[in-house]
Amino acid sequence: MSELVPILFLIPLLGAALNGLVLTRLSSKAAAKIGLLASVGSFAVALSLSMEVLKTGQAIQWETSWIAIGRWDLRWGFVFDQFTLVMALMVTGIGSLIHLYSIGYMAHDDGVRRFFSYLNLFLAAMLVLVTGDNLLVLFVGWEGVGLCSYLLIGFWFKELKNTAAGMKAFIVNRVGDAAFLLGIFLCLKIFGSVSFSAMQTLVAGKNSLGVADLEWIGLLLFIGAMGKSAQIPLFVWLPDAMAGPTPVSALIHAATMVTAGIYMVCRMGFLYQVAPHAAHFVAVTGAMTALFAATIACVQRDIKKVLAYSTISQLGLMFLAAGVGNYAASLFHVVTHAFFKACLFLGAGSVIHALSGEQDIKGMGGLRSVMPSTFITFFVSVLAISGVPPLAGFFSKDEILYSTLTSEGGGWGLWISGLAVSGMTAFYMTRLCVLTFFGRYRGHAHPHESPPLMTIPLWATALGAAVGGVLSLPRDWHLAPDLLGRLIHGRVPEFAAAGEALSEGVAMIVTTGVGLAGIILAVVVYGLVEPKFSDNPRGPKTVLWNKYWVDELYDVVFVAPFRGLTRLCAVVIDPKVIDGFVILCSRATGVGGSMVTVLQSGRVQAYLLVMVAGALAIILWLGRGVA
Amino acid sequence: MTVSFLTNWVHYLVAALFSVGLLGFLIRKNALVILMSIELMLNAVNLYVAKVSLALHSGAGLVLVVFAITVAAAEVAVGLAIILNLYRAKRSVDVDMFTGLKG
Chain A
1 MSELVPILFL IPLLGAALNG LVLTRLSSKA AAKIGLLASV GSFAVALSLS
51 MEVLKTGQAI QWETSWIAIG RWDLRWGFVF DQFTLVMALM VTGIGSLIHL
101 YSIGYMAHDD GVRRFFSYLN LFLAAMLVLV TGDNLLVLFV GWEGVGLCSY
151 LLIGFWFKEL KNTAAGMKAF IVNRVGDAAF LLGIFLCLKI FGSVSFSAMQ
201 TLVAGKNSLG VADLEWIGLL LFIGAMGKSA QIPLFVWLPD AMAGPTPVSA
251 LIHAATMVTA GIYMVCRMGF LYQVAPHAAH FVAVTGAMTA LFAATIACVQ
301 RDIKKVLAYS TISQLGLMFL AAGVGNYAAS LFHVVTHAFF KACLFLGAGS
351 VIHALSGEQD IKGMGGLRSV MPSTFITFFV SVLAISGVPP LAGFFSKDEI
401 LYSTLTSEGG GWGLWISGLA VSGMTAFYMT RLCVLTFFGR YRGHAHPHES
451 PPLMTIPLWA TALGAAVGGV LSLPRDWHLA PDLLGRLIHG RVPEFAAAGE
501 ALSEGVAMIV TTGVGLAGII LAVVVYGLVE PKFSDNPRGP KTVLWNKYWV
551 DELYDVVFVA PFRGLTRLCA VVIDPKVIDG FVILCSRATG VGGSMVTVLQ
601 SGRVQAYLLV MVAGALAIIL WLGRGVA
Chain B
1001 MTVSFLTNWV HYLVAALFSV GLLGFLIRKN ALVILMSIEL MLNAVNLYVA
1051 KVSLALHSGA GLVLVVFAIT VAAAEVAVGL AIILNLYRAK RSVDVDMFTG
1101 LKG
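For the record, the sequence lines run as chains A and B.
Mapping of the first sequence onto the working numbering: position 287 corresponds to residue 287, and the numbering continues sequentially without gaps.
Mapping of the second sequence onto the working numbering: position 41 corresponds to residue 1041, and the numbering continues sequentially without gaps.
Don't read these hints as lab results, they were simulated from the structure.
A hint or two may mislead.
Unchecked claim - In silico lysine to any residue, SDA-like type, Cα no more than 25 Å apart, as pairs:
| # | chain 1 | residue 1 | chain 2 | residue 2 |
| --- | --- | --- | --- | --- |
| 1 | B | K1102 | A | T597 |
| 2 | B | K1090 | A | L608 |
| 3 | A | K305 | A | K362 |
| 4 | B | K1051 | A | G623 |
| 5 | B | K1102 | A | G602 |
| 6 | B | K1090 | A | G602 |
| 7 | B | K1102 | A | G623 |
| 8 | A | K33 | A | L147 |
| 9 | B | K1051 | A | V626 |
| 10 | B | K1102 | A | A615 |
| 11 | B | K1029 | A | A613 |
| 12 | A | K305 | A | H444 |
| 13 | B | K1102 | A | A588 |
| 14 | B | K1029 | A | V610 |
| 15 | B | K1051 | A | L620 |
| 16 | B | K1029 | A | L609 |
| 17 | B | K1029 | A | V598 |
What the hints assert, rightly or not - What the simulated footprint calls covered on chain B by chain A, stretch by stretch (three residues with Cβ under 8 Å from a Cβ of chain A suffice, anywhere in the stretch; the number is not a length):
| # | segment |
| --- | --- |
| 18 | 1018 to 1027 |
| 19 | 1054 to 1062 |
Stated by the list, open to error - Now the in silico label distances, taken between C-beta atoms and shown as ranges:
| # | chain 1 | residue 1 | chain 2 | residue 2 | range |
| --- | --- | --- | --- | --- | --- |
| 20 | A | D579 | B | R1028 | 46 to 54 Å |
| 21 | B | S1092 | A | R624 | 42 to 50 Å |
| 22 | B | S1058 | A | T589 | 52 to 60 Å |
| 23 | B | G1100 | A | R567 | 53 to 61 Å |
| 24 | A | A617 | B | R1028 | 57 to 65 Å |
| 25 | A | D579 | B | V1076 | 53 to 61 Å |
| 26 | A | V598 | B | M1036 | 27 to 35 Å |
All figures in this text were calculated on a predicted structure; none of them were measured in a lab.
Heads up, the beta-carbon is just placed ideally off N, CA and C, and yes, glycines get one too.
Isolated chain A (complex conformation) (with noise of 0.2 Å):
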């Protein structure tokens, strides 16, 4: 059994091989079919092993070596765990519709081939990630996923706009993975190991560990994560990257890669358990990022862009959760978040396929009769999102809400600002449903509803959205077991409430209507009055409609130093200093050779001249000890 877990990363991998290496003359169909396949049967393997975990409850490990230096011994390791199974099977779950969807929406594409082998590649590198049984093939895994998501933003790489983006992912990114290496770095030393095992073992003996140094490790780790999932002040490169294909950002930008590093914290939980301050800011961190995404998601007009701010705040979400302390609620939100966004996007996708490339909110509006399919799942997505019962989306986040209020690493701040959130969200996605899909029809293409291919994802994730909150009713409820909670006992820290501020129900009450107060404002202000759209807001929706100038500012801060600095390089220091030595190496040996050259003279008696003179010298020389 313990082999199939390398194959469960290995499929894919093949998949993207085929794909993208061996099969070059492929028709996009055939492409499509064995990217398809690789996805599906990676989900078939994930399932037989998910049901063998559950039978026996132990986890299946799989492990060959890799590295042995001195006392490390640092091996490809992987585990399928209860905590991994339920990573995996979203994975691989969501991924195989996103794949039917993708035959869909790609039909027209030259480039199948190649976007199904980046799409089995992420598979892959995302499959060895969360089954990685240490911090090392986890970071393998970090890194691969980060590869594909700058091949696949930059997919379209004809258009400038787009190579940048995927550079402006990657380089983003680099710069959290380098306080993540740090971070392994600093494990290797104070621990010895990557393993997550081994370093729990460890951490819950406690015998010599220095409280500050399990605080460095869980913040250096966490500034990778930021990188990863999108966090102040890292989460620059989301917005940008929907610049790639619908799916994509459907998939590796909402529902899986971003996530990761959601996983990883929760993974390393039992280390942030015992490193107070280092949590405190993971929950700072995701409280201020939701806040200050959400707000920017108010007003924006692209309708991807409204879901990649709702994303870097939901995603926030998470990290609140487990910097509280609540990793199952995290993880809840994690594979709810998944079902509502991933389905927002294909949505998304579907409209936008139809009205030939248009993504602006002002061209849109009374979709619904004509996409009804979409349109209904869109919409029990928006509701979920928004928090309305007894959707998935209601559950998890009343979950992460009410944790955040008990915790001991919460509060009242924490909460409203969660509250806040919650409330926003709501806001600016009922915005984004009404003017896309209510109202009249204000641009000028002929909306037709996608072909099934399309169509059958979005029912799929839609159902997730609507039922995906059966996974962790609360515990008060006796309807069903917090069946995630049980399943993932042991494998992260059982959350800890300190106190009771306010009842579970009342919280609730006061979640659920802070969301209904959303919405009913944003069907006041956008449903009931002809929407009006300016280019040039004015007021301090000026603020929100630039995004805070964030962008601008990093522009001015690092960007520009940085090509000032290069442009030092190309006009002083590669011409003047460099070229300078080089042409100076040439020129000496030129110079050199024409001096020499004096002596070739052709003339015999000159050559003789200096032979005769060497010879009397040579004589000279050994006859110096004689006379």
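Chain B: place on chain A using the hints.
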């Protein structure tokens, strides 16, 4: 030994012959004269080898001298042929005319 070395006139003759040859070899421009100067140096050395051979009461040196003279004869034939060809090329045997190997 040192006294007899200094008083033996053969040393001075050989040195004089060799020096005249060397000087002619270095300063004359006529290829024929240069060839003759080389012969002069060669024969100075030959003479010295013969002298040393006699002084050591050994016949080996004399054999070497006869051998060297024989080879020199052949070598002069080659040398004269080269000079003849030089003359054919430039109507002159002035060595300064032949600087084709200039760097």
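Status of the given 27 to 35 Å range, CB of B:M1036 versus CB of A:V598: Since the Cβ atoms of A:V598 and B:M1036 sit about 30 Å apart, the hinted range of 27 to 35 Å holds.
Consistency of beta-carbon spacing, A:T589 to B:S1058, with hint 52 to 60 Å: The hinted range 52 to 60 Å holds for B:S1058 and A:T589, with Cβ atoms some 55 Å apart.
Taking 25 Å as the top limit, are the C-alpha atoms of B:K1051 and A:L620 close enough? holds, 23 Å
Please work out if B:K1102 and A:A615 have their alpha carbons no farther apart than 25 Å. Since the Cα atoms of B:K1102 and A:A615 sit roughly 23 Å apart, the hinted pair holds (cutoff 25 Å).
Compare the distance between the alpha carbons of B:K1102 and A:G602 with 25 Å, and conclude whether the hinted pair is satisfied. Roughly 4 Å separates the two Cα atoms, so the pair holds.
Tell me if the straight-line CA distance from B:K1090 to A:G602 falls inside 25 Å. The hint holds at about 16 Å.
Do at least three Cβ atoms from the segment 1054 to 1062 of chain B come closer than 8 Å to Cβ atoms of chain A? violated (count 0)
Coverage claim, chain A over the segment 1018 to 1027 of chain B, checked by counting residues with Cβ within 8 Å (three needed): Satisfied; 4 residues make the cut.
Determine whether the Cβ-Cβ distance between A:D579 and B:R1028 falls within the hinted range of 46 to 54 Å. holds, 53 Å
Checking one constraint from the list: CA of A:K33 to CA of A:L147, max 25 Å. Satisfied? Roughly 23 Å between the alpha carbons, so the hint for A:K33 and A:L147 holds.
Would you check the hint for B:K1102 and A:T597, treating anything up to 25 Å between C-alpha atoms as holding? holds, 8 Å
Take a quick look at whether B:K1029 and A:L609 sit within 25 Å of each other, Cα to Cα. holds, 13 Å
When held up to the earlier numbered hints, the structure conflicts with 7, 19 and 24 and fits the remainder.
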